[in-house]
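2 protein chains.
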Amino acid sequence: MPEIHALRRDRLRAALATLDADAALITNLVNVRYLTGLASSNAALLVPAEGDAVLATDSRYALTARRECPDLELLVERMAETVLAGLAVERGARWVAFEDHEVTVERHAALEAAARAQLAPLGRAVEELRIVKDDGEIALIARACQITATAFDESIAEIRPGVTEREFAVVIERAMISAGADKLAFDTIVASGPHGAIPHHVPGDRPFEPGDLITIDCGAKYRGYHADMTRTVALGTPAQWQRDLYGLVAAAQRAGIEAAVPGEVLGDVDMAARDLIAAAGHVEHFGHGLGHGVGLDIHEAPMLGPGRPGKLADRVPITVEPGVYLPGRGGVRIEDTLVVRSGSSAPRDVLTMTRTSTPAELLVLD
Amino acid sequence: MPEIHALRRDRLRAALATLDADAALITNLVNVRYLTGLASSNAALLVPAEGDAVLATDSRYALTARRECPDLELLVERMAETVLAGLAVERGARWVAFEDHEVTVERHAALEAAARAQLAPLGRAVEELRIVKDDGEIALIARACQITATAFDESIAEIRPGVTEREFAVVIERAMISAGADKLAFDTIVASGPHGAIPHHVPGDRPFEPGDLITIDCGAKYRGYHADMTRTVALGTPAQWQRDLYGLVAAAQRAGIEAAVPGEVLGDVDMAARDLIAAAGHVEHFGHGLGHGVGLDIHEAPMLGPGRPGKLADRVPITVEPGVYLPGRGGVRIEDTLVVRSGSSAPRDVLTMTRTSTPAELLVLD
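Chains as they are written, first to last, in my numbering: chain A, 11 to 376; chain B, 11 to 376.
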């Protein structure tokens, strides 16, 4: 699909015009992929305000680049970014915008030496372009979410007393690969019993026990796009405090999802869920934002957190994932990936639809 | 093992003394892990030239940090690095060394604003410390390598005509997890037939065919430490050019391994293998370095490449991985992870010992 990438580069050129830069030097590899289609561990892209873009990558990716990006001028160079900085100047650029959130101080010094040009911060211009997805991207995210949900449904019977967190993580990770994931979107979190109080717990050797709440946070990656989903289930009959905690988080998640409509302010979506948790006396037990954008990165713009400006728009995939964490006791987090839509039957589509455990109701496993 | 981490911090302090800095602000997360034991996606460590180190991480990792690093002062802060930069100044630091190869231009500006101190580049001081491994680290790398070799041996029967590259990648990745890997060290490469000419080929839908050479580059990760191994096998009777190519690369790998002894110059190890490939007329078909260090990163110092200064030392794990890539035809790469040793029976231990396919001989599968 060279056309879609050329279109994206044109949108970047339009953004460049407001910066008064002669060219953008793109070095964030995910952004290079977004603008060219090339997935690589060493590549850079020069997008002049006027004229054709130039891709640079090393010999390991040269054949792939020629195949995937036939419409781009290609330089096969190990020092991709410094070569392009020099080329920008050769071709008349005086101000080259660089990705200051990605380029290190060390590399910046090398670019300055190579470019003999003024380097100006580009900021997150490409990340801003990436917020609103096209239909092809949404289809890939939906596929990644579907794989994730299927893997969860197929794995849940393996949650039994004595199975360790790590063992179950392996089960669900395998199920995602079997269901079609290219790889994992991130390291699976399986947090049982008191570990549920640790939002990013690394699965360990703790065996599941009757009476545990178990939080599973997992996601598949498919053709570069990510899914993100969390379910909390009960093993054996839950105590009343566990039921109450689940009900609170489920209500907060529902409120957050319902607030996620085109035009809504990001901080207000967060607040819709956070207010419920605060009203129940748990404001200090919900220490992270409500959610985040999902795409070529697992965490990307927009971030949904307290006071965040900016608004949701049509075709923005996000997560909604409130959690309440009680140190020493346990916790609950419930998360779906959804895409905000306008002009469709609903103002958002939830993409992580599991059959076995719906967010609304605590699933109790025997 | 807090003791080992305290010892490592002392070694960093000794390195700091030569820099005339009052403190080091460590922000590379792998380096933070090396110096504290905490694996986290948001943490920073302040190591004053004199006085106790301070770890900062956000609330998600606070419980883990208290458990893993009981000997460290802990700040629970989302903005870990800027808080520590400010603290350094409060405690009297005038020059704070920062990791200029890791800190972005954007974050550097924020640090300068927070620190009101002079920031000086620390360079790769911690990475230099990481080159020589202790026995515990070598044991973990050896375990990761053993898992990788076992998974390869258990998977190889699945290489049959009609199986796709991607399908086989899934087989061997599952086998690594089943054999005890915590995760994959990197995305598995499976490159068959003409794809073998692409050193970093992404496994695709090409089915294996009789007459293929198939290159498999895979590795397990175990408790943070990596393994890296490549084997090239033949499906069906290989052509003479394939046998010749394999024999050349195997001889080059053997020469590289034999050159990997304590005290040898890095560039000379590379040359030992490269000279053989050049003599056979393929110098331009071997476009990467001979190998690299392996540890908490899959690629780390020392790099073995043409003209590299520096010498191998006792207890340095490296890969030796020559390859010859013939565009449009195919390629061969053979790679082992080994650890250079002095004072033992051999000057290196090869850690990736497969039973089914030894580097010396082309394995032909029916």
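These aren't lab readings, by the way, just hints derived from the structure by calculation. The beta-carbon is built from N, C-alpha and C at its ideal position, and this holds for glycine as well. It cannot be assumed that every hint is accurate.
Said to hold, decoys possible - Residues from chain B that keep clear of chain A, each with C-beta distances beyond 10 Å, as calculated:
id	residue
1	R43
2	S51
3	S69
4	W105
5	F108
6	D163
7	T174
8	K193
9	P220
10	Q250
11	E274
12	D285
13	A289
14	S367
Unchecked claim - SDA-like mimics (lysine to any residue), calculated; alpha carbons at most 25 Å apart, straight line:
id	chain 1	residue 1	chain 2	residue 2
15	A	K193	A	S355
16	B	K193	A	G234
17	B	K193	A	S355
18	B	K193	A	D30
19	B	K193	B	E164
20	A	K193	B	D197
21	A	K193	B	V212
22	B	K193	B	G133
23	B	K193	A	D278
24	A	K321	A	D278
25	A	K321	B	T368
26	A	K321	A	S355
27	B	K193	A	D307
28	A	K193	B	N52
29	A	K321	A	A152
30	B	K193	A	S352
31	B	K193	A	R216
32	A	K193	B	E138
33	A	K321	A	S352
34	B	K321	B	P171
35	A	K193	A	D278
36	A	K321	B	E138
37	A	K321	B	P171
Results for each hint:
Non-interface call for R43 (chain B) relative to chain A: holds, since the shortest CB-CB distance, roughly 12 Å, exceeds 10 Å. Chain A draws S51 (chain B) into its interface by the beta-carbon criterion, the shortest separation being 7 Å against a cut-off of 10 Å. Consistency note on S69 (chain B): stated as away from chain A, yet its beta-carbon is not over 10 Å from all of that chain's, at 4 Å minimum. Listed as a non-interface residue, W105 (chain B) keeps its Cβ farther than 10 Å from every Cβ of chain A; the least gap is roughly 15 Å.
Distance check for F108 (chain B) against chain A: the nearest CB is about 8 Å away, which does not clear 10 Å, and the non-interface claim fails. Even its closest Cβ contact with chain A, about 19 Å, leaves D163 (chain B) beyond 10 Å, as expected for a residue assigned away from the interface. Listed as outside the interface, T174 (chain B) is consistent with that label: its C-beta sits roughly 13 Å from the nearest C-beta of chain A, beyond the 10 Å cut-off. Interface exclusion of K193 (chain B) from chain A breaks down, the closest Cβ pair being 6 Å apart, not more than 10 Å.
Look at P220 (chain B): its CB is around 23 Å from the nearest CB on chain A, clear of 10 Å, so calling it non-interface holds up. Under the 10 Å C-beta cut-off, the non-interface status given to Q250 (chain B) relative to chain A holds; the minimum distance is some 25 Å. With a least CB separation of 24 Å from chain A, E274 (chain B) remains clear of the 10 Å interface cut-off, as annotated. Even its closest Cβ contact with chain A, about 20 Å, leaves D285 (chain B) beyond 10 Å, as expected for a residue assigned away from the interface.
No beta-carbon of chain A comes within 10 Å of the beta-carbon of A289 (chain B); the shortest separation is about 21 Å. Every CB of chain A is more than 10 Å from the CB of S367 (chain B) (nearest about 23 Å), matching its label as outside the interface. Distance check on the hinted pair: K193 (chain A) and S355 (chain A) sit about 32 Å apart at the alpha-carbon level, beyond 25 Å; violated. For the given pair, K193 (chain B) sits about 19 Å from G234 (chain A) by alpha-carbon distance, which is consistent with the 25 Å threshold.
Taking the CA atoms of K193 (chain B) and S355 (chain A), the gap is near 41 Å; set against the 25 Å cutoff, the hint is violated. About 45 Å separates the Cα atoms of K193 (chain B) and D30 (chain A), which puts this hinted pair outside 25 Å; it is violated. Proximity of K193 (chain B) to E164 (chain B) is assessed by CA-CA distance (about 18 Å); at most 25 Å being required, the pair is judged to hold. With a CA separation close to 8 Å, the supplied pair K193 (chain A) and D197 (chain B) stays within the 25 Å bound.
For the proposed pair K193 (chain A) and V212 (chain B), the alpha carbon gap of about 12 Å is at most 25 Å, so the pair holds. Taking the CA atoms of K193 (chain B) and G133 (chain B), the gap is about 29 Å. The hint is violated against a cut of 25 Å. The hinted pair formed by K193 (chain B) and D278 (chain A) fails the criterion: a straight-line CA distance of about 38 Å is larger than 25 Å. A hinted pair counts as satisfied when its Cα atoms are at most 25 Å apart, and K321 (chain A) with D278 (chain A) qualifies at roughly 9 Å.
Restraint check for K321 (chain A) and T368 (chain B): not satisfied, since their Cα atoms lie roughly 59 Å apart, outside the 25 Å limit. For the hint linking K321 (chain A) to S355 (chain A), the alpha-carbon distance of about 20 Å falls within 25 Å, and the restraint holds. For the suggested pair K193 (chain B) and D307 (chain A), the alpha carbons sit about 19 Å apart, so the restraint of at most 25 Å is met. The hinted pair formed by K193 (chain A) and N52 (chain B) meets the criterion: a straight-line CA distance of about 23 Å does not exceed 25 Å.
A threshold of 25 Å between alpha carbons decides the hint, and for K321 (chain A) with A152 (chain A) the separation of about 22 Å falls inside it, so the pair holds. Distance hint between K193 (chain B) and S352 (chain A) is unfulfilled; the C-alpha atoms sit about 40 Å from each other, more than 25 Å. Taken as a hint, the K193 (chain B) and R216 (chain A) pair is honoured in the structure, with Cα atoms around 18 Å apart against an allowance of 25 Å. At most 25 Å may separate the alpha-carbon atoms for a hinted pair to count; K193 (chain A) and E138 (chain B) exceed this at roughly 32 Å.
Between K321 (chain A) and S352 (chain A) the alpha-carbon distance is near 13 Å, which keeps this suggested pair within the 25 Å criterion. Pair hint K321 (chain B) plus P171 (chain B) does not hold up; C-alpha atoms about 45 Å apart against a cutoff of 25 Å. With a CA separation close to 34 Å, the supplied pair K193 (chain A) and D278 (chain A) exceeds the 25 Å bound. For the suggested pair K321 (chain A) and E138 (chain B), the alpha carbons sit about 46 Å apart, so the restraint of at most 25 Å is broken.
Distance hint between K321 (chain A) and P171 (chain B) is unfulfilled; the C-alpha atoms sit about 53 Å from each other, more than 25 Å.
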